[in-house]
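Undergrad: So you can see what is in the structure, the chains are spelled out below.
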Amino acid sequence: MGLDFGGARSLSADGGPVDENIITTTIDKVVNWGRKNSLWPMPFGTACCAIEMMATLASKFDLSRFGSEAIRFSPRQSDLLIVSGRISIKMMPVLKRIYDQMPDPKWVISMGACASCGGVFDTYTLIQGVDQFIPVDVYIPGCPPRPEDLIDAVMQVQQKIAGGEVPKGVEVAV
Amino acid sequence: MNNEGGTSSPDNGAESPFVLQKLQENYADALLAHEEARDGVVVVVGKDDAYALLEYLKTDAALGYTYLVDVTAVDNSRLESELVKFGYARFMVVYQLYSYQGHCRVRVRVPVHERDLRVRSVTSLWRGANWLERETYDMFGIDFEGHPDLRRLLMPDDFDGHPLRKDYPLRGRGERERFNFERQNV
Numbered sequence: 010m011g012l013d014f015g016g017a018r019s020l021s022a023d024g025g026p027v028d029e030n031i032i033t034t035t036i037d038k039v040v041n042w043g044r045k046n047s048l049w050p051m052p053f054g055t056a057c058c059a060i061e062m063m064a065t066l067a068s069k070f071d072l073s074r075f076g077s078e079a080i081r082f083s084p085r086q087s088d089l090l091i092v093s094g095r096i097s098i099k100m101m102p103v104l105k106r107i108y109d110q111m112p113d114p115k116w117v118i119s120m121g122a123c124a125s126c127g128g129v130f131d132t133y134t135l136i137q138g139v140d141q142f143i144p145v146d147v148y149i150p151g152c153p154p155r156p157e158d159l160i161d162a163v164m165q166v167q168q169k170i171a172g173g174e175v176p177k178g179v180e181v182a183v
Numbered sequence: 002m003n004n005e006g007g008t009s010s011p012d013n014g015a016e017s018p019f020v021l022q023k024l025q026e027n028y029a030d031a032l033l034a035h036e037e038a039r040d041g042v043v044v045v046v047g048k049d050d051a052y053a054l055l056e057y058l059k060t061d062a063a064l065g066y067t068y069l070v071d072v073t074a075v076d077n078s079r080l081e082s083e084l085v086k087f088g089y090a091r092f093m094v095v096y097q098l099y100s101y102q103g104h105c106r107v108r109v110r111v112p113v114h115e116r117d118l119r120v121r122s123v124t125s126l127w128r129g130a131n132w133l134e135r136e137t138y139d140m141f142g143i144d145f146e147g148h149p150d151l152r153r154l155l156m157p158d159d160f161d162g163h164p165l166r167k168d169y170p171l172r173g174r175g176e177r178e179r180f181n182f183e184r185q186n187v
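Protein chains in written order, with the numbering used here: chain A, 10 to 183; chain B, 2 to 187.
Hints were generated in silico from the structure; no laboratory data involved.
Errors might be hidden in some of the hints.
[As the list claims (entries may be wrong)] Residues from chain B that keep clear of chain A, each with C-beta distances beyond 10 angstroms, as calculated: (1) 19; (2) 62; (3) 63; (4) 80; (5) 95; (6) 102; (7) 117; (8) 128; (9) 152.
[Stated by the list, open to error] Estimated spans, in silico, between C-beta atoms of each pair: (10) B/37 / A/129: 36 to 44 angstroms; (11) A/151 / B/152: 22 to 30 angstroms; (12) B/152 / A/60: 30 to 38 angstroms; (13) B/33 / A/132: 28 to 36 angstroms; (14) B/147 / A/113: 31 to 39 angstroms; (15) A/81 / B/132: 31 to 39 angstroms.
No residue lacks a Cβ here, since even glycine has one placed at the ideal position from N, Cα and C.
With the hints as extra help, turn the sequences into a complete structure.
TA: Below you can see the structure in the form of structure tokens.
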């Protein structure tokens, strides 16, 4: 896991080479590097996608390789919300409250067809996509998606963080 | 699928009709119809007699239908062939009973007209009927009289309508697009 700070060979103030053990970078890049490699997910598993999420966390797929093994069941301690499963109109206020309780910066993965668009459940009780009510950064298609898909989504979140991208949930003053 | 009792007790071939015999002896006037389904006896009974008949099935020592498996309802409003049988009663409240003695089942069906949705609650016979009746109220709007706490079970408290009724649209009446986060009791 190298420090990819994009810096070419650094030069000291007088133009000569600095010591090999010194790296120059920016605060943002260091902070983002730390964030991306220590995402603490808050699992919001309501259906079969949650089973795939458990598989992703277990030893075979081992999400801890990406620094995300510290699953937090308190939203106040997590910065990545994984919505995995159907969300009913009765559950949506709960999900919204959990999202609101997470400290910024926070990212949201909408895992699977149901969370992303209602899936096959085009019925009176089911939210047709959680992005109507909470901002979603990465969507995962599939019914349910395989663990590789969830890993890919986590890596996409990591790329967004590393690239300095602002989470969807943050309102930037224009 | 075999009759569940048929494999577990030797005289069970006669067990299901035995229930029917007992009911016909004691509740001949109450029975509107009966048949033998493949999983047990089905009886149709008017709602004024339903409670007494269910209590009898539960408490009679020879029958012992002590286990209330399910309470639910059927909306027959789009099924003319069913409607004509029982005076155009829109709903059919269904009680599924199981006897551990005879290892057999009885299904009690109660026709309910839309103009009077009251049915006597069986929570005093089976405490387990509490949530089953709440669900039936939630989904069909059946009004179980004497129920200790007849609130919705599945849908939010401020939900309008009863979604398993046939005239309720599948995609709802806009509940999933517009609902109030503040109103919900989270």
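Undergrad: Now tell me if each hint is right for this structure.
TA: Results of checking the hints against the structure:
no.: 1; hint: 19; verdict: 43 angstroms, holds
no.: 2; hint: 62; verdict: 44 angstroms, holds
no.: 3; hint: 63; verdict: 44 angstroms, holds
no.: 4; hint: 80; verdict: 21 angstroms, holds
no.: 5; hint: 95; verdict: 23 angstroms, holds
no.: 6; hint: 102; verdict: 39 angstroms, holds
no.: 7; hint: 117; verdict: 26 angstroms, holds
no.: 8; hint: 128; verdict: 25 angstroms, holds
no.: 9; hint: 152; verdict: 13 angstroms, holds
no.: 10; hint: B/37 / A/129: 36 to 44 angstroms; verdict: 37 angstroms, holds
no.: 11; hint: A/151 / B/152: 22 to 30 angstroms; verdict: 37 angstroms, violated
no.: 12; hint: B/152 / A/60: 30 to 38 angstroms; verdict: 32 angstroms, holds
no.: 13; hint: B/33 / A/132: 28 to 36 angstroms; verdict: 34 angstroms, holds
no.: 14; hint: B/147 / A/113: 31 to 39 angstroms; verdict: 52 angstroms, violated
no.: 15; hint: A/81 / B/132: 31 to 39 angstroms; verdict: 32 angstroms, holds
Figure legend: structure checked against the earlier numbered hints; hints not met, in rising order: 11, 14.
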